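Residue numbers (this note's numbering), protein chains in the order written: chain C, 1 to 263; chain F, 1 to 305.
Derived by calculation from the structure, the hints in this document are not laboratory data.
All values reported here derive from a predicted model rather than from experimental measurement.
Even glycine gets a Cβ: it sits at the ideal position worked out from N, Cα and C.
Some hints here could point you the wrong way.
On the chain C side, residues computed to face chain F include the following (Cβ under 7 angstroms) [what the hints assert, rightly or not]:
id, residue
1, Ala17
2, Phe20
3, Pro22
4, Glu28
5, Phe29
6, Tyr58
7, Pro76
8, Ile91
9, Ile95
10, Ile102
11, Met114
12, Ala132
13, Leu219
14, Ala234
15, Thr241
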Amino acid sequence: MKSGKFWAWVVFIVGAAYFFIPLMATVEFSLRMRRGVHSFDAYQIVLGDARFQSTFLYSVIAAVFTIILGVLIVVPAAYWIRLRLPQLRPIVEFITLLPLVIPAIVIVFGYIRMYGSNSPLPFLGSNMGANALLVIGYATLALPYMYRAVDTGLRTIDVRTLTEAAQILGAGWGTIIGRVILPNVLIAVLSGAFLTFAIVIGEFTMASLLNRPAFGPYLQNIGANRAYEPAALAIIAFAITWGCMSLIQILSRFAPKSANRPN
Amino acid sequence: MTDLTLSNQAVATKPAPPNEATTFRFPMQWVGVAPFFIFVLMFLILPTIYLVLGAFQTGDGQLTLDNILQLVSDPSISASYWVSIKISFWSAIIGAFAGLAIAIAIVRGGLPNWTRSATLTFSGVASNFAGLPLAFAFLATLGRVGIVTTLLRDVLNVNIYAMGFNFLTTSGLIAVYLFFQIPLMVVIIVPAIDGLKKEWGEAAATLGATQSQYWRMVVIPVLWPSFLGTVILLFANSFGAIATAYAFAGPALNIVPIKLYSQINGDVLHNPQLGYAIAFGMIVITGLANVFYIWFRTRSERWLK
Chain C
1 MKSGKFWAWV VFIVGAAYFF IPLMATVEFS LRMRRGVHSF DAYQIVLGDA
51 RFQSTFLYSV IAAVFTIILG VLIVVPAAYW IRLRLPQLRP IVEFITLLPL
101 VIPAIVIVFG YIRMYGSNSP LPFLGSNMGA NALLVIGYAT LALPYMYRAV
151 DTGLRTIDVR TLTEAAQILG AGWGTIIGRV ILPNVLIAVL SGAFLTFAIV
201 IGEFTMASLL NRPAFGPYLQ NIGANRAYEP AALAIIAFAI TWGCMSLIQI
251 LSRFAPKSAN RPN
Chain F
1 MTDLTLSNQA VATKPAPPNE ATTFRFPMQW VGVAPFFIFV LMFLILPTIY
51 LVLGAFQTGD GQLTLDNILQ LVSDPSISAS YWVSIKISFW SAIIGAFAGL
101 AIAIAIVRGG LPNWTRSATL TFSGVASNFA GLPLAFAFLA TLGRVGIVTT
151 LLRDVLNVNI YAMGFNFLTT SGLIAVYLFF QIPLMVVIIV PAIDGLKKEW
201 GEAAATLGAT QSQYWRMVVI PVLWPSFLGT VILLFANSFG AIATAYAFAG
251 PALNIVPIKL YSQINGDVLH NPQLGYAIAF GMIVITGLAN VFYIWFRTRS
301 ERWLK
């Protein structure tokens with residue numbers, strides 16, 4: 001038992017070293033822009049860069065639309081599958097796993113060829129269309145996470161009883177989903193939303209191939225041309241990811257534990 | 001779970017509402033799932049099928065196997081597949097075992113409680129910290145003027161680049177990919193280890209099993225389907241990854257996703273149909289992995305109920 005504990009410490013410390021050395025080195029590197037002293041110059045230059053601001057804003061807006069689109073697609077589907085169509089569950093679970101398996105670059109390649117400017121549905125013929133296609137692509141990438149988050153949320157509430165109670169009180173389907181089900185799974189939906197945000201914000205492949213002015217292609221451009229700014233951007237990106245994950249953890253404390261919890 | 005079929009459902013709800021409501025409600029549930037199915041059909045299934053069909057056609061639409069055959073006969077394409085498979089395979093295997101070791105250490109190793117929550121929190125972040133920023137972090141660490149590189153050179157007199165270290169080698173990329181592969185394994189496998197019931201250990205002990213027998217005959221058989229399933233997920237995860245490698249070398253690096261990226265951007269292979277074939281090859285490889293994944297996942301869920 002004692003040697004077990006010793007090896008557990010060894011594994012933990014070696015693992016911690018592998019993960020923390022690159023992060024600490026990146027912080028150190030990002031502070032070295034001014035010769036001889038530590039300074040936040042790299043951060044100042046990055047944050048003050050107009051292209052940083054515009055591409056970051058673009059990606060934030062794309063992420064928000066991605067989340068809205070994802071909720072509109074996933075919540076009604078997950079609700080009805082739980083309530084009335086359990087026989088569809090295996091099919092839907094299979095489909096929502098597909099984006100983990102079909103690489104993003106293949107999906108976006110399909111879009112470029114199917115929805116080009118000469119196609120019957122010319123998404124890529126206009127600027128807004130290309131923006132929409134990027135949001136659609138991101139919603140596809142986020143589908144596995146969004147579906148699982150919402151489905152887990154629905155598992156913890158008694159969908160059937162809530163629906164019947166709402167029906168008895170005379171609610172229509174829109175009211176049931178919008179005012180009964182959605183508030184009850186809001187925390188799960190928000191978890192999915194923050195995870196979506198973390199995935200989407202620095203995404204490179206889709207944004208670059210659809211030629212959108214997003215944060216990912218900007219990162220690539222800076223990475224190829226600058227020395228210290230990329231390190232600062234890596235730290236900023238890590239902080240954003242960390243923030244999203246912390247929000248999910250905080251939210252999970254407010255989530256209901258099970259359908260039958262005593263009140 | 002109540003597993004009501006549609007006909008049962010109709011019978012069960014018959015007495016309560018008037019008949020018109022039942023006939024109205026029936027299509028309603030299909031209306032609810034329709035956006036989902038239309039969306040995945042238009043933006044996931046059909047684009048994929050479009051590429052697969054394109055892989056078997058010539059430029060003017062005739063059926064051919066030439067594109068597929070060229071994947072094998074063109075040495076630079078087959079080499080890129082080979083490199084990608086090697087990187088994905090080894091980063092999945094090493095990541096899986098390292099992740100498993102960390103998971104066992106924090107769940108069963110008798111470490112203080114904070115190590116568990118700290119590791120899980122960090123793993124959630126690191127498994128999503130991929131792409132360009134990850135490459136930047138490693139360049140700042142082990143790049144030619146990286147902190148660790150210069151530290152090793154100045155303090156220990158070790159020049160890792162003279163020793164042949166390079167991010168653009170297979171082992172260099174594997175080392176970087178492990179930064180998101182290991183945490184992903186930890187995130188997925190810790191719940192599986194938590195799912196090992198205490199009673200199983202007690203039952204084994206009651207029957208006189210030693211600790212090693214308990215691990216060999218109970219723990220490993222229960223864990224290994226979800227372990228293997230995760231290995232396959234890790235494989236697919238790194239097989240499609242492009243941004244990290246692209247940040248190291250731009251289009252110069254010969255792995256499949258970068259090859260496809262260059263082909264989409266500028267038809268570098270001088271045959272538009274060949275892009276479809278490369279995409280098709282990627283789908284086949286990750287698709288095979290997916291079949292295994294689902295198979296193992298259903299097996300492991302049966303145990304962990």
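So, going through the hints one by one against the coordinates:
no.: 1; hint: Ala17; in the structure: violated, 11 angstroms
no.: 2; hint: Phe20; in the structure: violated, 9 angstroms
no.: 3; hint: Pro22; in the structure: holds, 4 angstroms
no.: 4; hint: Glu28; in the structure: holds, 5 angstroms
no.: 5; hint: Phe29; in the structure: holds, 4 angstroms
no.: 6; hint: Tyr58; in the structure: violated, 16 angstroms
no.: 7; hint: Pro76; in the structure: holds, 4 angstroms
no.: 8; hint: Ile91; in the structure: violated, 9 angstroms
no.: 9; hint: Ile95; in the structure: holds, 5 angstroms
no.: 10; hint: Ile102; in the structure: holds, 6 angstroms
no.: 11; hint: Met114; in the structure: holds, 5 angstroms
no.: 12; hint: Ala132; in the structure: violated, 11 angstroms
no.: 13; hint: Leu219; in the structure: holds, 4 angstroms
no.: 14; hint: Ala234; in the structure: holds, 4 angstroms
no.: 15; hint: Thr241; in the structure: holds, 5 angstroms
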